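Using the sequences and the hints, build the whole thing.
For the protein sequence lines, the chains are U and P, in the order given. Here the first sequence is numbered in my numbering, starting from 37 and rising by one per residue. Here the second sequence is numbered in my numbering, starting from 11 and rising by one per residue.
Fair warning: there could be bad hints in the mix.
To be clear about the criterion: a stretch of chain U counts as covered by chain P if any three or more of its residues have a C-beta under 8 Å from a C-beta of chain P, and this derived list gives those stretches [claimed, not checked]:
| # | stretch |
| --- | --- |
| 1 | 88 to 95 |
| 2 | 304 to 310 |
| 3 | 336 to 347 |
| 4 | 352 to 366 |
| 5 | 396 to 407 |
The calculated label-pair distances, taken between Cβ atoms and stated as ranges, are [stated by the list, open to error]:
| # | chain 1 | residue 1 | chain 2 | residue 2 | range |
| --- | --- | --- | --- | --- | --- |
| 6 | U | GLY114 | P | GLU344 | 28 to 34 Å |
| 7 | U | ARG39 | P | ASN81 | 17 to 23 Å |
| 8 | P | LEU130 | U | ARG39 | 38 to 44 Å |
| 9 | U | ALA53 | P | ARG427 | 46 to 52 Å |
| 10 | P | GLY437 | U | VAL493 | 45 to 51 Å |
| 11 | U | SER153 | P | GLU344 | 35 to 41 Å |
| 12 | P | LEU192 | U | ALA206 | 52 to 58 Å |
| 13 | P | ALA402 | U | ARG39 | 36 to 42 Å |
| 14 | U | ALA492 | P | THR134 | 41 to 47 Å |
| 15 | U | SER153 | P | LEU304 | 58 to 64 Å |
| 16 | P | THR447 | U | SER474 | 30 to 36 Å |
| 17 | U | GLY114 | P | GLY445 | 58 to 64 Å |
| 18 | U | ARG44 | P | ARG240 | 38 to 44 Å |
Listing some non-contacts, in silico: residues in chain U with all C-beta distances to chain P over 12 Å [claimed, not checked]:
| # | residue |
| --- | --- |
| 19 | ASP317 |
| 20 | ASP434 |
| 21 | ASP461 |
Since the hints were made in silico from the structure, they are not lab data. Predicted, not measured: the structure shown is a model, and the values here were computed from it. In this text, a Cβ means the ideal position worked out from N, Cα and C, and glycines have one as well.
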Amino acid sequence: MRRIDRSRLPDVGPDPAFVFPAIARHTLRNGLRVCTVEHHSVPVISFTLQVDGGSGSDPDGLEGLAAVVADMADEGTGALSAIEVSDALARIGADYDVDVGGDATDFSLTTLTRFASRGACLLADMVTRPRLLESEFVRVRQLRLDRLRQLKDVASAVAEQTFLRLVYGAHPYAHLPIGTDAGLRRVTPEDVVSFHARSVQPSRSTLIVCGAMSHDDQLREAEHAFGGWASTGVSNGNGTAAADVMPANTPVTRLAAVPREGAAQSELRIGHLTTRRVTPDYPALLVMNALLGGQFVSRINLKLREEKGYTYGARTSFDWRRGISPFTLQTSVHTAATADAITDCLAEIGSLRGTRPPSEAELALAKASLTRGYPRGFETAQQVARSVAMLSLYDLPDTYFEEFVSKINAVTSADVVAAAARHLDPSRITTLVVGDYSAIAESLRGLNIGEPQLHAVEF
Amino acid sequence: MTATALADIDLPFTKRTLANGLDVIVHEDHHVPIVAVNVWYHVGSKNERPGRTGFAHLFEHLMFEGSQHYNAGYFPPLQQAGALLNGSTNADRTNYWEVVPTSAVDRALWMESDRMGYLLPAITRERFETQRDVVLNERRQSYENRPYGMVMMALSAALYPPDHPYSWMTIGSADDIRAMQLEDVQDFFRTYYHPSNASLVLAGDIETERALELADAYFGEIPGGARPRRIVKGAELPSEQRLLLEDRVELPRLYMAWHSPAMFAAGDAEMDLVGDLLANGKTSRLYKTLVYDLRIALDVSAHQSSREIGSFFLLAATAAPGCSLGDIAARIDEELHRLAGDGPSVEEMDRAVAQAEAHFMYRLQTVGGFGGKSDQLNAYNVMKGTPAFFVADLDRYRRATRGLLQESARQHLRFDRRIVLSVIPRGQHTLALPGSTPVSAS
Chain U
37 MRRIDRSRLP DVGPDPAFVF PAIARHTLRN GLRVCTVEHH SVPVISFTLQ VDGGSGSDPD
97 GLEGLAAVVA DMADEGTGAL SAIEVSDALA RIGADYDVDV GGDATDFSLT TLTRFASRGA
157 CLLADMVTRP RLLESEFVRV RQLRLDRLRQ LKDVASAVAE QTFLRLVYGA HPYAHLPIGT
217 DAGLRRVTPE DVVSFHARSV QPSRSTLIVC GAMSHDDQLR EAEHAFGGWA STGVSNGNGT
277 AAADVMPANT PVTRLAAVPR EGAAQSELRI GHLTTRRVTP DYPALLVMNA LLGGQFVSRI
337 NLKLREEKGY TYGARTSFDW RRGISPFTLQ TSVHTAATAD AITDCLAEIG SLRGTRPPSE
397 AELALAKASL TRGYPRGFET AQQVARSVAM LSLYDLPDTY FEEFVSKINA VTSADVVAAA
457 ARHLDPSRIT TLVVGDYSAI AESLRGLNIG EPQLHAVEF
Chain P
11 MTATALADID LPFTKRTLAN GLDVIVHEDH HVPIVAVNVW YHVGSKNERP GRTGFAHLFE
71 HLMFEGSQHY NAGYFPPLQQ AGALLNGSTN ADRTNYWEVV PTSAVDRALW MESDRMGYLL
131 PAITRERFET QRDVVLNERR QSYENRPYGM VMMALSAALY PPDHPYSWMT IGSADDIRAM
191 QLEDVQDFFR TYYHPSNASL VLAGDIETER ALELADAYFG EIPGGARPRR IVKGAELPSE
251 QRLLLEDRVE LPRLYMAWHS PAMFAAGDAE MDLVGDLLAN GKTSRLYKTL VYDLRIALDV
311 SAHQSSREIG SFFLLAATAA PGCSLGDIAA RIDEELHRLA GDGPSVEEMD RAVAQAEAHF
371 MYRLQTVGGF GGKSDQLNAY NVMKGTPAFF VADLDRYRRA TRGLLQESAR QHLRFDRRIV
431 LSVIPRGQHT LALPGSTPVS AS
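Written as structure tokens, this is what we have:
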């Protein structure tokens with residue numbers, strides 16, 4: 037038996053070769069862009085229809101409309117009632133999902149390859165030819181209004197919604213996809229029909245097919261299911277207008293609180309608007325985020341969790357969009373530790389671009405974590421489809437996957453500091469606390485970032 | 011047609027037991043250059059005692075703090091290698107996993123074996139106390155500060171007598187967590203964390219022979235121990251018990267809970283299917299009745315929660331604004347009565363089996379992580395004594411009949427053997443079902 041040397045860790049070998057999936061691009065006669073990707077592991081196939089326009093396309097005053105329209109896809113189509121759609125999905129064991137983002141809506145259906153035709157046709161029927169019946173609309177809207185009511189008790193949801201409003205102000209990105217109570221109540225059945233006619237059109241959609249079938253067979257399925265989908269002819273803009281709206285340059289709310297009496301923890305959101313997903317600084321920002329709060333071994337998580345025990349976990353992230361996107365630190369901390377935790381968070385964000393630039397060891401760990409772990413995200417057909425959908429959403433080149441590792445590896449400590457200096461500004465940071473205000477008000481004032489601005493729970 | 015079309019569905023493996031008792035299982039899958047390392051210890055909160063609840067889970071946290079030969083945290087050398095890693099504790103078992111690039115298998119096994127063999131020297135009082143605080147915060151975040159978050163504590167206490175190991179939740183009571191001592195760690199480690207109470211799976215881009223050699227090299231030197239005795243303990247409800255729990259919620263919710271067959275026991279898969287046909291999707295009976303047609307509920311769920319000593323079946327429905335839990339309960343009882351009387355329809359059975367087959371196929375897509383192939387092989391090995399159970403598991407669903415489901419529902423979902431819990435907004439006792447006794451959970 038080989039004896040193990042426990043005096044030192046085994047080195048990691050050279051990175052194994054990995055061939056990223058090849059994307060074949062096609063355009064159907066109706067203008068629908070189709071990406072096909074072969075993925076032969078298990079006999080599963082995934083179809084994702086990405087339609088330009090998401091919650092950022094909600095008309096002013098009708099917040100939540102895009103998500104209602106997306107939700108209506110499985111509420112009946114052609115000859116099938118809502119119940120029959122559900123039955124048809126179950127009969128092919130389909131995994132159906134809708135993801136409404138700020139800029140686009142992804143409808144995806146995954147099934148066994150032997151049900152590929154049925155799955156593709158069902159998805160096409162649901163998304164492109166939904167019944168949009170008033171009776172179903174009334175029910176769906178009511179469920180969403182009731183869901184909003186329940187979210188008032190969910191501290192993290194209250195924090196998300198309030199934080200978006202604080203950082204975006206009057207911008208179309210300033211609400212969650214589920215929208216607002218007032219907005220949903222104003223939506224009419226006619227709004228649903230007209231939004232669908234304007235936005236769900238082949239010319240502003242991309243179909244991503246990925247699974248254990250050849251490119252040719254995948255394209256044939258796409259043609260068969262989506263080839264007859266005709267444009268409504270309704271003039272519609274490009275679906276991503278929200279991305280072009282610049283957030284107003286209004287004074288920043290430095291400190292805000294939503295009182296939640298008796299709460300065991302304070303839910304925190306700390307951050308501000310930064311830049312767009314397509315920024316050339318993206319690789320540097322990804323590395324910066326990883327070492328600041330993007331993974332377990334990051335400055336903020338190690339400080340708040342592993343050193344102080346204030347929280348179960350703390351992380352930072354960019355909520356990327358085509359337009360100006362926020363950088364946010366999120367955590368939930370013991371009420372008694374609220375002010376101390378905020379002090380630590382602000383100090384960590386501030387020091388990265390100043391007194392404590394990344395050490396070589398930190399930088400190497402963050403980069404290695406991002407690059408060596410990269411192939412892991414290409415294991416399932418759904419994962420690959422999601423990655424290709426991201427390329428389509430941000431107009432990224434098909435060489436993106438292959439170039440990822442070298443772009444991350446090229447990031448230097450100076451690049452990270454420069455990117456942090458360009459995109460993180462401690463004087464513009466908004467700190468939001470959803471917690472037991474009467475217990476922490478005094479300590480919040482001690483932070484010296486101004487008098488806390490109080491907000492009610494509002495959806 | 012369905013059975014033959016999926017005839018090739020399988021989860022092949024090689025198993026060898028080392029001299030120290032560690033089961034080693036290898037599954038090859040070379041699609042992506044990654045290897046999943048997955049370790050199960052057959053210990054969970056069921057192995058705790060009253061007054062010491064939450065210990066198994068706190069211990070899991072300590073497993074990430076470092077070990078004798080790498081004493082600076084478990085995460086850094088693995089994240090640096092491109093790993094994704096995590097662990098979890100439930101009533102029955104504790105699992106730990108890494109998914110690493112093929113180039114880092116040695117490092118993952120070195121780390122995983124070091125904490126199996128040499129954990130204790132790294133556990134200092136300071137680390138222990140910090141993780142105790144982290145766990146208290148996990149408890150606040152996942153239970154105390156979450157709507158309906160305390161329900162499972164109330165239900166566990168109601169379903170089982172106080173000396174039954176399922177009567178407390180894995181997270182434990184806050185008082186017990188605060189009272190834990192560093193000294194308790196050693197005893198727990200020696201009793202439960204050794205090769206003969208563990209099972210290791212390597213799944214992914216690795217040759218079987220090499221995997222077995224590496225496992226032996228890294229883990230073979232760790233002394234085995236006595237395998238703890240399996241806990242066998244019955245529990246039953248003598249009658250229907252109606253309870254009410256106040257919470258910070260806008261809308262009342264009704265829960266019903268029953269004892270049901272243990273994981274993999276006769277009737278377990280049938281109850282899983284009963285859960286689907288009651289509340290999975292718009293076509294399911296309770297969703298269609300309560301949420302779609304009558305609109306007296308916002309949501310409904312029904313699940314067989316399969317566990318080693320004995321399972322429970324849990325049904326829950328949230329009242330739509332202005333609608334009463336009494337109406338919801340009456341409709342649920344009607345559907346349960348109908349199911350026990352007539353059984354499922356042919357269509358319902360076809361649909362349920364089609365879904366089960368597809369979901370077994372989806373389960374073969376990932377090698378690592380919670381629910382990946384490595385985790386499944388360990389689940390079968392630890393709970394069934396052999397990893398060779400994937401196809402047999404699917405067959406449990408293929409062989410389920412209308413008659414078996416009807417019989418299971420009739421036998422296990424009895425009105426006179428259940429907990430019925432009303433969760434209501436604070437102070438609004440009249441919203442609970444009549445005759446409900448207030449309970450508290452903290």
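Task: Range hint 30 to 36 Å (beta carbons of P:THR447 and U:SER474) holds or violated - done: holds, 33 Å
Open item on the list: Given the hint of 28 to 34 Å, is the C-beta distance from U:GLY114 to P:GLU344 inside that range or not?
Closed with: With Cβ atoms ~33 Å apart, the hint holds.
Task: Range hint compliance [Cβ, U:SER153 to P:LEU304, 58 to 64 Å] - done: Given range 58 to 64 Å: violated, Cβ gap about 36 Å.
- [ ] Given the range 52 to 58 Å, decide if the beta-carbon distance of P:LEU192 to U:ALA206 lies inside it.
- [x] This hint holds: roughly 55 Å between Cβ atoms.
- [ ] For U:ALA492 and P:THR134, compare the CB-CB distance with the range 41 to 47 Å and indicate the outcome.
- [x] holds, 45 Å
Task: 8 Å C-beta criterion, at least three residues: is the stretch 304 to 310 of chain U covered by chain P - done: violated (count 0)
Open item on the list: Count the residues of the stretch 352 to 366 of chain U whose Cβ falls closer than 8 Å to any Cβ of chain P, and tell me whether that reaches three.
Closed with: As far as the stretch 352 to 366 of chain U goes, the hint is violated, because 0 residues have Cβ atoms under 8 Å from chain P.
Task: Within 8 Å of chain P's CB atoms, at least three CB atoms from the stretch 88 to 95 of chain U: coverage verdict - done: violated (count 0)
- [ ] Hint says 17 to 23 Å; check whether the CB-CB distance for U:ARG39 and P:ASN81 agrees.
- [x] Once the Cβ atoms are compared, 21 Å apart, the range 17 to 23 Å for P:ASN81 and U:ARG39 holds.
TODO: Beyond 12 Å from every chain P Cβ: check whether that's true for U:ASP434.
DONE: The claim stands: U:ASP434 keeps its Cβ more than 12 Å from every Cβ of chain P (closest is about 20 Å).
Task: Proximity test - 8 Å, beta-carbon atoms, the stretch 336 to 347 of chain U to chain P, at least three hits - done: Satisfied; 7 residues make the cut.
- [ ] Mind checking the hinted window 38 to 44 Å against the Cβ distance between U:ARG44 and P:ARG240?
- [x] For P:ARG240 against U:ARG44, whose Cβ atoms are near 40 Å apart, the range 38 to 44 Å holds.
Hints 1, 2, 4, 8, 9, 10, 15, 17 from the list above are not met by this structure, while the remaining hints are.
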